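Residue numbers (the working numbering), protein chains in the order written: chain U, 21 to 1014; chain S, 608 to 876.
Keep in mind that the hints were calculated from the coordinates and are not lab data. What you are looking at is a predicted structure, and each value in this text was computed from that prediction instead of being measured. Hints are supplied without guarantee of correctness; some may be wrong.
[Stated by the list, open to error] Chain U is faced by these chain S residues, among others (derived, beta-carbon under 8 Å):
| id | residue |
| --- | --- |
| 1 | G620 |
| 2 | N622 |
| 3 | C623 |
| 4 | E626 |
| 5 | H642 |
| 6 | G668 |
| 7 | T721 |
| 8 | W722 |
| 9 | A726 |
| 10 | W740 |
| 11 | G774 |
| 12 | P842 |
[Stated by the list, open to error] Computed cross-link-like contacts, PhoX-like style, restricted to lysine-lysine with a CA-CA straight-line distance of at most 20 Å:
| id | chain 1 | residue 1 | chain 2 | residue 2 |
| --- | --- | --- | --- | --- |
| 13 | U | K43 | U | K668 |
| 14 | U | K587 | S | K684 |
| 15 | S | K651 | U | K587 |
| 16 | S | K872 | S | K755 |
| 17 | U | K762 | U | K214 |
| 18 | U | K869 | U | K384 |
Quick reminder that beta carbons are idealized off the backbone N, C-alpha and C, glycines included.
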Amino acid sequence: MNYLITVGYKSGVPDARGMSTAKRIREHLGIPVERVQTRNLYTIEAELSLSEVELGARELFVDPIIQEYSINESLDSEEFDYSVIVSFKPGVTDNVGKTAGVALGGLLGRNLKDREGVFTAVQYLLSGVTLNDSERIAHDLLSNELIENRVIQERRSCRKNGPKIPCSGIRINKVEKHLRVEEINLEVGDEELKAISMERTLALNLKEMKAIRDYFRKSEVLNERKRFGLGPNPTDVELEALAQTWSEHCHHKIFNGIIYYIDEFENRKTIRSLFKTYIKRVTEEINSPWLLSAFTDNAGVIRFNKRLSLVYKVETHNSPSALDPYGGAMTGIVGVNRDPFGTGLGARLIANVWGYCLGNPLMKNEVPPGLLHPRRIRDGIHRGVIEGGNQSGIPYMRGWELFEERFMGKPLVFCGTLGEMPPEISGRDTHRKQVVPGDIVVMVGGRVGKDGIHGATFSSEELHSSSPAQAVQIGDPITQKKMTDMLLEARNSLLYRALTDNGAGGLSSSVGEMADLSGGCEIELSLVPLKYQGLDPWEILVSEAQERMTLAVDPERLKSYMDLSEKRRVESTALGSFTGSGKFHIRYGKKTVAYLDLDFLHRGDPAYELEAKYIKKHFDEPEIEIQDHTEILLDLLKSLNICSLEEKSRQYDHEVQGRSVIKPFVGRYCDVPSDAGIMLAGYGSLEGIILTEGVNPFYSDIDTYWMAASVVDQALRRVVSTGGDPGYIAGLDNFCWPNVVKEEMPERSHKLAQLVRANEGLYDYCRAYRIPLISGKDSMSNDSTLTDPPISVPPTLLVSVIGRIHDINLAVTLDVKSPGDLVYMLGETHEELGGSEFYRLYGKKRRNKPYIGNQVPRVHARRAAILYRALHRAINKGLIRSSHTPTLGGAGAALAKKAFAGGYGLDVDLKRFPGSAASDHSLLYSESNSRFIVTVSPQKKEEFEKAVSGIPSAQIGRVRQDETLKIRGLSGRVIIEEQIIRLKEAWKETLRGI
Amino acid sequence: MKKPEALIITGNGLNCEHETAYAFELGGALPVLVHITDLLSGEKRLSDYQILAFIGGFSNGDHLGAGTVQANRFKHKLCDDLELFIQKRKPVIGICNGFQTMVKMGILPGKKNTWTQTATIMTNDSGIYEDRWVYLRLIQDSPCIWTKGIERLFLPVRHGEGKFYTGDPELIPRLFTSGQVVVQYADDQYQAPAMSYPLNPNGSLEGIAGICDESGTIFGIMPHPEAYLFPHNHPLWTQDSALGRDLPPEGRGVLIFRNAAAYVKESLE
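For reference, chain U alone in the conformation it holds in the complex (with noise of 0.2 Å):
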């Protein structure tokens, strides 16, 4: 029996989410709706009677005080002219709707039955509407036709029918399929073997699909196979399986492939690895004694002291969230929230960071068919975000967003999680991972679905028209706070032995990396517990359905294990066993499905071979003039990528575990952001963990490895900023690039060497810095074809640093403190506008398109380095009561900002700077690296200036007693003299209430 319930305020309450949309519809369509209001929706699939429905209603869908309800029949309503009704589509996560089967089952005082289930829709009410602006609104912004349903509806016909619900989840359990486990087979011409992987969405090329048909034509192969009933093809599953394992995505494949290397004056070389001749060098070669584990694991582990280990990743997620923003995004962050949760033993999540590169939300352009409008990926994203953090109980300590156009093909959405634990449990190195063979191959958590099949296939893939809806998912926060919390338990008495992640790839990728640590694996596939029947073996194997773990339990502990599982309601399921037979061998009831070398599977993929040709690129270099520089700082600060981002951050807990010191913002009315966070290392600790970030797409466009230089550079002067050592700072790189592989993209090669010459400069600066690398991440296809010419992303790299500050009494915020004090320049400004904030904007107003000019901020490592640790002496002797380092908008922004946290005007003469820039414009807003803005009580003077000497360094001004930013330029005249509180109005002014 089916029943709808329908769910609304009762008059006079006030409808939030009805007002807040629609705000939207007025804002972002431009559709003067008079009114919106809500219901939700309630569809019961079950053998209920109708007395326990309402006793359900009642005690569970309805907050009595302020909602009434009705079933099967539409609830009475005020006046409206369209009703939308939105739901899932089948097989999307309804998280809502499973909690409330959950609670139902409970209540009643009998689960439901695995045919049964609640499943929700939300309706809207709009008034004021005609059926085309229903029809638009539905499309524009209440739904998303990849994952969810709409129903439009006039009054009459839903006042006379009844609401009419869009088909609904429950359905997909209708069908049912028999076992089906298919033989491919690859004694085909070339063209053929391509069109297997293209249909299939493989996305192995022809080199690597040669691989595999070459394995299956080894007659040992052949043989063992057949004592397993296995014929001389691969099965549907085996395909699957390596085509996970050696995807880009799992592989990186073109970080350890080949490159022959030309540069722009035709010097040759060849590059075996990127990653082992940059990145895993710089690391090896730096042999820092407090790393624990790098490159190795899901996270790297650092000892951050000797009760205390640090385990830090951060994750891309961009695909997904271009098709779904929301769900995208959120499984962003609760997919990279196991990655430190699934390293070693496991560890415990403190902090989690998030950062996007979006195309303009304010644009007012038509969007290419088959993209979503920026605005609504923005939204999308931080709504994501913002739920799996928050309801994982995760505060967040760094935020950021960057506005590109060329990011509106692909957002590039950064997602990455803190965990800590013990150095050791029970005389066991947490940081270690040991799998033996005779272990119980354990799944934990969510149950599996058609969800995220070929994500990591996918994900390795351009976005074209036919990407498969399949690899979005929804993320479920609190069914992974239930498993993570039971996991810690069992952590804390050693029930298991090892954990990983079930991400990318799935149970392929999860159990196939901890059998390489036994030496093999024999799993039963008709074990594992599944959302709804229906699944081939394949399916099964290779889905990524989310909020799953995968264990090593020792069998003498497994029972204790899943009595505790047991009690704490979350399924686990005993699946089979690790071996040391070299063998990947997957069945499905009595049937081998699967049985693969596990060295083919892991190391059998032939290396990429890739050319790569630098052309150095000359930009138009602008004329400067400028007749009133305030006028030009307004609108800096007014710019996207300068400009106060508050209303969303502030949506993200930042406070929750009750560690936080310095929070994401700052100042006397807490709104200014940080350059660097900062929490307990404990509770009652006096120590400071600090994480913090450098990145700066928008260099790359002039020279990649300056890029890379500067994003170093830019990490690591925020730790030194706010207090950290210079000398204890670990990080990690995210690479987001362009597709390099693709003979059809445009400039292929070029790209190609552009990641070469980043990955120079990561290591040069890293290695000049300290700084050892222990995790990272490579997203090599972030391109949108369903545009002509392709949109690709400017190449982006990402370096995210943890630091540590060994008293946090010492910290220091940007924000000034009190007038009279003086203000510093420390480190030289250069005639450095290439790739800046400033071109940008001036070629905005100046032509309605953006300067990039060509001369970019370079970075000269030695010298910053004594200037870093002079700062540093300074801090800890209490010398400095503000400081700030200038990135985008340069000095001009970075003085503004100051001034505005701490609420006090300053006087600043231009003159005074050290360094090379010679005009006006440069002296403000040239981004020249390895530079901060300091303020000193004028009693501390003497100290702090031999603190700093024989660095390039000037006291530049002093703080005024009233509320002006008075700037004197070279010729000795005021250049800019405005009220702190209309530059402050100015860089709020642009996302406010967006």
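Put chain S on the given structure of chain U with help from the hints.
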């Protein structure tokens, strides 16, 4: 003297257990974390503890409204145990999700011996979740044992559903008369109650941020006292330290928990 034991219920999406436990520790109680499944199974019993905390987080994801499913579970499975706990005048606190849960159970504002919901905590007027520090004035003419001697607090709110609301026009005047309105959002001088955004972050009627029951032992509050245990949690601490001012020895959120521990020691033993 033996420290009172504070039961902190965890699990199913709750997430403030660590800082709440530390808050009780600093306040002089002995915190014990107990997973909700251990209460439901009877393995652990409410009656063994002297203080009970419903903590913050997202119980069951807040999927059917904040605290709804948790409240339902308590009401149907642990009603008698909780009733007894309350009758013995043992202190109970609900913070954020815990406050929402207690209101939905009906034990706050609470009518004698009934489990009937009389008010609610609903979606913020802004429609969004926010994390922001707010000024709070505390009313001393109240039976509330948790807030004795605390006149003002500066604490973070972290919620999307924090608006205290009732359709009964007589309820709120009655709560004021009985001293049950204990905490109100206020201006930055902690004087007048704040009625409008952003000082009142959610549109709560009369700026209500926390209430107690008639006896004063049951207390619910939306902002998070357990998020201000250390002086460095205060968002403006670097302004004081940069100017050479001494920081307080502890965060003022601790006071709430110390009051409960002191009450148990003085009144229940």
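Regarding the hint that W722(S) lies at the interface with chain U, is the smallest CB-CB distance below 8 Å? Check failed: Cβ of W722(S) comes no nearer than 11 Å to chain U, outside 8 Å.
Next item in the hint list is A726(S). Is there a CB on chain U closer than 8 Å to its CB? holds (6 Å)
Below or equal to 20 Å on CA atoms is what counts here, so check K762(U) against K214(U). Status holds; Cα separation ~14 Å.
Are the Cα atoms of K872(S) and K755(S) separated by 20 Å or less? Holds. K872(S) to K755(S) sits at ~15 Å (cutoff 20 Å).
Next item in the hint list is C623(S). Is there a CB on chain U closer than 8 Å to its CB? OK, holds: C623(S) within 8 Å of chain U, min 6 Å.
Please check whether N622(S) passes as an interface residue: C-beta within 8 Å of a C-beta belonging to chain U. holds (2 Å)
Do the alpha carbons of K651(S) and K587(U) lie within 20 Å of each other, as the hint requires? Cα-Cα ~13 Å, so holds.
Given hint P842(S) near chain U, where the shortest CB pair must fall under 8 Å: With a closest approach of 5 Å, the P842(S) hint holds.
Just to be careful: measuring from the Cβ of T721(S) to every Cβ in chain U, is the smallest value less than 8 Å? This interface hint is violated because 14 Å lies over the 8 Å limit.
Regarding the hint that G774(S) lies at the interface with chain U, is the smallest CB-CB distance below 8 Å? Since the shortest Cβ distance to chain U is 6 Å, the answer is holds.
Holds or violated: are the alpha carbons of K869(U) and K384(U) at most 20 Å from each other? holds (16 Å)
Let me know if the C-beta of W740(S) comes in closer than 8 Å to any C-beta of chain U, holds or violated. holds (7 Å)
Figure legend: structure checked against the earlier numbered hints; hints not met, in rising order: 7 and 8.
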